[in-house]
Amino acid sequence: MDNEELKLAITALLPTANFEEGGEWLNILIEPTDWLPFAQQLRNEYALHFDYMFCLTCIDWKTHLTMVYHLSSTKYRHNIVVKAKLDKAKPDIETVCHIWRTAEFHEREVYEMFGVNFLHHPDLRLLILPDGWEGRNPLLKDFDDPVNMIKL
Amino acid sequence: MWSFSNIADIIHEWLNKTFNATLATLFEMVIAGVCVIGLFAVLGLILVIMERKVAAWIQIRLGPNRVGPKGMMQSMADTLKLLVKEAMTPDGADKFLFNLAPYIAMMVAMLLMAPIAFASNFMMWNLNIGVLYVSAISSVSVISILMAGWASNNKYSLLGAMRSGAQIVSYELSAGLAILSIVVLSGTLNLNEIVLSQADGWWIFKGHIPVIISFIIFIIAVTAETNRAPFDLAEAESELTAGFHTEYSGMKFALFFLAEYVNVFIVCAIGATLFLGGWMPFHIGHWEGFNHIMDFIPSSLWFFGKTFFLIFLIMWFRWTFPRLRIDQLLNLEWKYLLPIGMFNLLLVTAIAILGWYF
Amino acid sequence: MVEELGTNTEGDLIINVGPQHPATHGVLHLVITLNGETIKKVEPHLGYIHRSIEKMCESLTYRQYIYVTSRMDYLSSHINNHACALIVEKGMQIEVPPRAQVIRVLMDELTRIASHELWWGSMAMDLGAFTPFFHAFREREAINEIMEETCGARLTMNYMVPGGVLDDLHPDFQRKVKEFISLYKRKISEYDEIVTGNIIFQNRMKGVGVISAADAISFGCSGPALRGSGVSCDIRKIYPYEIYDKIEFDEVLETAGDSFARYMVRIREMNQSIRIIEQLIDNIPEGDFQAKTKAVLKLPKGEFYQRVETARGEFGIFIVSEGGTNPYRIKFRSPGFSNLSALDHMARGSKIGDLVAMMGTLDLVIPDIDR
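Chains as they are written, first to last, in my numbering: chain A, 1 to 152; chain B, 1001 to 1358; chain C, 2001 to 2371.
Bear in mind the hints are in silico, worked out from the structure with no lab data behind them. Just so it is clear, CB atoms sit at the ideal spot from N, CA and C, and this is done for glycine as well. Be a bit skeptical, because a hint or two may be false.
Which stretches of chain C does chain A cover? Using the computed rule of at least three CB atoms under 8 Å from a CB of chain A, they are [stated by the list, open to error]:
1. 2104-2115
2. 2123-2132
3. 2156-2163
4. 2199-2207
5. 2325-2335
The list that follows gives simulated cross-link-like pairs (lysine to any residue, SDA-like), each with its CA atoms no further than 25 Å apart [what the hints assert, rightly or not]:
6. C:Lys-2298 to C:Leu-2166
7. C:Lys-2301 to A:Thr-63
8. B:Lys-1335 to B:Leu-1346
9. A:Lys-75 to A:Lys-88
10. C:Lys-2090 to A:Trp-25
11. C:Lys-2176 to B:Ile-1060
12. C:Lys-2187 to B:Ala-1055
13. C:Lys-2301 to A:Asp-142
14. C:Lys-2237 to C:Phe-2304
15. A:Lys-83 to A:Pro-130
16. C:Lys-2176 to C:Ile-2274
17. C:Lys-2185 to B:Trp-1319
18. C:Lys-2041 to A:Pro-130
19. C:Lys-2041 to A:Lys-88
20. C:Lys-2055 to A:Lys-75
21. C:Lys-2185 to B:Ile-1058
22. C:Lys-2301 to A:Asn-3
23. B:Lys-1095 to B:Ile-1212
24. A:Lys-83 to A:Arg-101
25. C:Lys-2301 to C:Tyr-2067
26. C:Lys-2301 to C:Ile-2274
27. C:Lys-2294 to C:Lys-2040
28. A:Lys-85 to A:His-49
29. A:Lys-75 to C:His-2345
30. A:Lys-85 to A:Phe-143
31. A:Lys-75 to A:Glu-4
32. C:Lys-2040 to C:His-2345
33. C:Lys-2055 to A:Gly-115
34. C:Lys-2090 to A:Thr-66
35. A:Lys-7 to C:Glu-2058
36. A:Lys-83 to C:Glu-2058
37. A:Lys-85 to A:Gln-41
38. A:Lys-88 to A:Gly-115
39. C:Lys-2040 to B:Asn-1153
40. A:Lys-62 to C:Val-2177
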C-alpha cells in the first residue's frame, strides 16, 4: 500500500488519528491511551500486517516527549511512523513488547534515557546505564554532566 | 656401541664396585629420580616449543623467533617468567586442596614414566603388570583436576572439572579396551615383553584391520583423556575462560601445564609401545638382512621418533578441529567408541586364538 | 513468555559471562542462569562501552558526526558512514556524482567481506578451532591494505562525506582489488575444507540456536540473523539505495533458522559481494568524486530516516532536524542491539557450549550494541 491507501486504512481503524505531512513515510499522531489497541490492530490487520518494528525511540521537545515507533511490514514492504505525545510530568505509555518483542530492549533503553514509564513492561530495569544510576535521564535536553561531557 | 642400556650398565657396575649393594641401590634410585625430574622439565620445554612451532606452521605464521636461535629458548624464558610470578591463592579457595592439586597432577605424570621402555633394555622399572599400572595411575589425574576445580571455589572451574571428570572416566574405558586388544595378542602385561613380541613386525601391521581400529580408538581416547582439543572441554577457553585452572597462576599453573604435556608424551609413548613397536626397529618378518640394517638405527631413536610422530598427530588434531559439545563428547564415547571397541576386542581375541595374525 | 521471565529459583547456578570473557569479543556482560550445563536464561547487561554517541551527535555538525559513527560498528564503518552521508544528501537533495556512487558501493562491499572474514575467523575460534582465525586474517589483510592506500586508515576509515567521498581512489586500487579477487577465489575453497565441511563443526552448528521466521521478525532481527530464517530483508534489495538497484546480485536466504543457516548466509554473502565488486571494478566512471556542497550543511526542518545494510544487518539513522547545522535528536538503529535481544530466546534449553555458537553467528560487535 502506498501512503494514501495506508492513510485511508488507518483512518478507518482509528478515526482520532492525526496525520503529519511531509517526510518519506506516513506519520501518524495518536494519543498515548490509544496506543495499545491501535498497535494490536496494526500488527494483526491482514491488509496492514506491520510485523517488523525497526526503530523505537523518543524525542525530548523540552515541553513534552514524543514517542516514535517506526513500523514496517515484511509482507507488503510498507512503512509507517507512529508518534505519541507524552506529558513530561507523567510520561506513561503502554508497552508493546508482547506484540513486537524487540520493543522490550528498546523500551528499556528509552526508559533509562528519557524516563518514559512503560506500563506493564515485564522487566523495566536499567539496561545500558550502570546499576544504581540515580534520577537524571541522559538524553533529555536539560541533562548536563560537566565532568564527562565535552562540548565543542 | 654407546646406548642407554650400556650407560646404565656402566653406572650400575661402577656404583656396585665403589659402594656396598644397599648404598648402590639407593644411589640408583636417586639418579633415577633426578632423571625423571630432568626428563619432566626437558620434555615440558621441548613439547611447548614444539607445539608452538607446529601451531605456527599450521597457522601460516612464524611462531616464537626472538629468544635464542630460531626462538628455541622461548619456553625456557616462559618458565623463568612463571617461576618468578606470584602464585596466588584466592581468598575463598580451599587452600590445602588448592595447593595440593597441581602437585598431584605432576606426580601422576612422573609416576607414569616408570614402566616405559625408552630403549632396548632401558626402563626404570621392568614391571610385569606395566599396562595395568599405566591405566591405573593415569586415572588418578582426574582427581587432581576435580580437586583443582572444586577447591578454586569458582563456577567456571567447577564446570570445567565436572566436564573433565565425566570425560576422563568415560574415555578411559575405550582406551582400556584398545590396550587390551594388544594384551590379548601379545599375551603379556609387561611393556618390555610387548615390545619384544613385535620383533617380527609391529602389531599395527601384524594384527590386520582390528588392530588398526584399536589404534584409532586409542588415539581418540587418549586425546580425550589428556584434555586436548578437540576434547579440551575442561578448559574450553571460549566457554569457561580456562576451566579448572582459571584461578591458578605462576608456577602452580605451570605445573598443570607441564603435566598436561608430559601426559601427552606418556600416552603417545604407550601408543608407540603397544602399536608401533616401541623401541623395536622396523622389522619385516624374517628378512634378516633388512632387519639387521634397521637395527643400526639406535633403539632410543626409534622410540622417540615414533612417540614424537604420535605427539605431532595429536597436535595436528588440536590446531585443526573445533571443540565438541559435552553431550556430543559423551555420545561419541558411549554410542560409538565403546561398542565398536568391545566388538573389536572380540574380533582381536578370535584372531589371537585362531592364530591368524602374522 | 512473560511468566517465564521470572524463573530464577534457588539452587540455579548463575554465572557471569563477561564483561571480560574470551567469547564475548568485547565488553558484553551476560548473566546466565544454568541448570547443570543447560541454559535456563540469558540476561544481557549492556553499557560497558556506552559513549552516548547519540547525545554527542546533538552537538556535532553534519560534517563532523560521520566520524563518530565509524566508532560504533567498527567492522563496517564504511557502511555506517555511508548511511550518514546518504541521509544528509537526502535531506539537502545533493546529487552525488556517478563515480562517487560506484566508489562507495565498492568500498561497502569490500568492508562487508572484511567484516565477514573477521567474523568467520573469530567464530571458528569460539568453537575451539584456532587456525581459521589466521587464515581469515590473511585475506582480510589484503582488504585492509586496499583501504589503507585509498582512505588512509585500516579500521575507522571516515571516507564518505556528504556529496561523495573524501578523496579520489589510489591509482593502484583497481589492480589491488583484482589481485584480492583472485586471492579470494583461490582461498575460499579452503574455508569450506577447514570449517564448513568439518563434521564436528556441522554438529556444533546444526539445530543450534533455532529461531523461527515469525520470532526473528518479532525480535527485530536483521541481516544474516533474519535471512537465516528465510525472511527476505536485504535493504540493498528491498529498499535500494545508491546504485544497488542497477547491480546484479542475489539476496542470500537460508530457511533452517539455526546457526548453520546463519553461517551459510554469511559465507554465500561474501561470494555475492565479490560478484558486485567484479561488476563494478572495471566500470568506475570518470568524473568528480565529490559533489560541490556548501561549506556549512544545514538539514531542512523535519524528520529523516535512512537505512542501509551493514555486515550485521539493518543500520538506520533517524534524524530530527530543526533546520540548524546539527541534529536536534539523532537515533541510531543498530542491528546488533536487536539481534542481541533474540539471544535469550534462542539460548534457552541449549548447552552452555552452544551459547558461543549462537553469539558467534549473531556476529555481535559490542560498540554497535552499546553505541
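Status of the hints after comparison with the structure:
1. Given a C-beta distance limit of less than 8 Å, the hint that chain A covers the stretch 2104-2115 of chain C is violated, as 0 residues qualify and 3 are needed.
2. Counting residues of the stretch 2123-2132 of chain C whose C-beta lies closer than 8 Å to any C-beta of chain A gives 0; at least three are required, and the coverage claim is violated.
3. Counting residues of the stretch 2156-2163 of chain C whose beta carbon lies closer than 8 Å to any beta carbon of chain A gives 0, which falls below the threshold of three, so the coverage claim is violated.
4. Residue count for the stretch 2199-2207 of chain C with a Cβ under 8 Å from a Cβ of chain A: 0. That is fewer than the three needed, and the coverage hint is violated.
5. Evaluation of the coverage hint for the stretch 2325-2335 of chain C: fulfilled, as 4 residues show C-beta separations to chain A shorter than 8 Å, against a requirement of three.
6. Of the supplied pair hints, the one linking C:Lys-2298 and C:Leu-2166 holds, its CA atoms being roughly 19 Å apart against a limit of 25 Å.
7. For the suggested pair C:Lys-2301 and A:Thr-63, the alpha carbons sit about 18 Å apart, so the restraint of at most 25 Å is met.
8. Between B:Lys-1335 and B:Leu-1346, the direct Cα distance comes to roughly 18 Å. Compliance with the 25 Å bound is thereby established for this hinted pair.
9. Of the pairs offered as hints, the one joining A:Lys-75 and A:Lys-88 is violated, with about 36 Å between alpha carbons and a cut-off of 25 Å exceeded.
10. For the given pair, C:Lys-2090 sits about 14 Å from A:Trp-25 by alpha-carbon distance, which is consistent with the 25 Å threshold.
11. Taking the CA atoms of C:Lys-2176 and B:Ile-1060, the gap is about 22 Å. The hint holds against a cut of 25 Å.
12. A hinted pair counts as satisfied when its Cα atoms are at most 25 Å apart, and C:Lys-2187 with B:Ala-1055 qualifies at roughly 20 Å.
13. The straight-line distance between the Cα atoms of C:Lys-2301 and A:Asp-142 is roughly 22 Å, inside the 25 Å bound, and the hint therefore holds.
14. Annotation: proposed proximity of C:Lys-2237 to C:Phe-2304 holds, straight-line Cα distance about 20 Å (limit 25 Å).
15. For the hint pairing A:Lys-83 with A:Pro-130, the CA-to-CA distance comes to about 29 Å; that exceeds 25 Å, so the pair is violated.
16. Simply put, C:Lys-2176 and C:Ile-2274 have alpha-carbon atoms about 14 Å apart, close enough for the 25 Å limit, and the pair holds.
17. At roughly 24 Å between alpha-carbon atoms, C:Lys-2185 and B:Trp-1319 fall within 25 Å of each other, so this suggested pair holds.
18. Distance hint between C:Lys-2041 and A:Pro-130 is fulfilled; the C-alpha atoms sit about 21 Å from each other, no more than 25 Å.
19. For the suggested pair C:Lys-2041 and A:Lys-88, the alpha carbons sit about 35 Å apart, so the restraint of at most 25 Å is broken.
20. Of the supplied pair hints, the one linking C:Lys-2055 and A:Lys-75 is violated, its CA atoms being roughly 34 Å apart against a limit of 25 Å.
21. As the CA atoms of C:Lys-2185 and B:Ile-1058 are separated by approximately 21 Å, the hinted pair is consistent with the 25 Å bound.
22. With a CA separation close to 21 Å, the supplied pair C:Lys-2301 and A:Asn-3 stays within the 25 Å bound.
23. Of the supplied pair hints, the one linking B:Lys-1095 and B:Ile-1212 is violated, its CA atoms being roughly 46 Å apart against a limit of 25 Å.
24. Of the supplied pair hints, the one linking A:Lys-83 and A:Arg-101 holds, its CA atoms being roughly 19 Å apart against a limit of 25 Å.
25. Between the alpha carbons of C:Lys-2301 and C:Tyr-2067 the distance comes to roughly 23 Å, so the proposed pair stays at or under 25 Å and holds.
26. This hinted pair does not check out: C:Lys-2301 and C:Ile-2274 have alpha carbons roughly 40 Å apart, beyond 25 Å.
27. With a C-alpha separation of about 56 Å, the suggested pairing of C:Lys-2294 with C:Lys-2040 is violated against the 25 Å cut-off.
28. With a C-alpha separation of about 24 Å, the suggested pairing of A:Lys-85 with A:His-49 holds against the 25 Å cut-off.
29. Proximity of A:Lys-75 to C:His-2345 is assessed by CA-CA distance (about 23 Å); at most 25 Å being required, the pair is judged to hold.
30. Note on A:Lys-85 and A:Phe-143: the hinted pairing holds, with a Cα-Cα distance of about 20 Å set against a maximum of 25 Å.
31. Between A:Lys-75 and A:Glu-4, the direct Cα distance comes to roughly 18 Å. Compliance with the 25 Å bound is thereby established for this hinted pair.
32. Distance hint between C:Lys-2040 and C:His-2345 is fulfilled; the C-alpha atoms sit about 10 Å from each other, no more than 25 Å.
33. At roughly 15 Å between alpha-carbon atoms, C:Lys-2055 and A:Gly-115 fall within 25 Å of each other, so this suggested pair holds.
34. Straight-line distance between C-alpha atoms of C:Lys-2090 and A:Thr-66 comes to about 24 Å, which keeps the hinted pair within the 25 Å bound.
35. Between A:Lys-7 and C:Glu-2058 the alpha-carbon distance is near 32 Å, which puts this suggested pair outside the 25 Å criterion.
36. For a cut-off of 25 Å, the pair hint linking A:Lys-83 to C:Glu-2058 stands: about 21 Å separates their Cα positions.
37. As the CA atoms of A:Lys-85 and A:Gln-41 are separated by approximately 20 Å, the hinted pair is consistent with the 25 Å bound.
38. For the proposed pair A:Lys-88 and A:Gly-115, the alpha carbon gap of about 9 Å is at most 25 Å, so the pair holds.
39. Taking the CA atoms of C:Lys-2040 and B:Asn-1153, the gap is about 22 Å. The hint holds against a cut of 25 Å.
40. A C-alpha spacing of about 51 Å is found between A:Lys-62 and C:Val-2177, which places the hinted pair above 25 Å, so the restraint is violated.
Checked against the numbered hints above, the structure breaks hints 1, 2, 3, 4, 9, 15, 19, 20, 23, 26, 27, 35, 40 and satisfies the rest.
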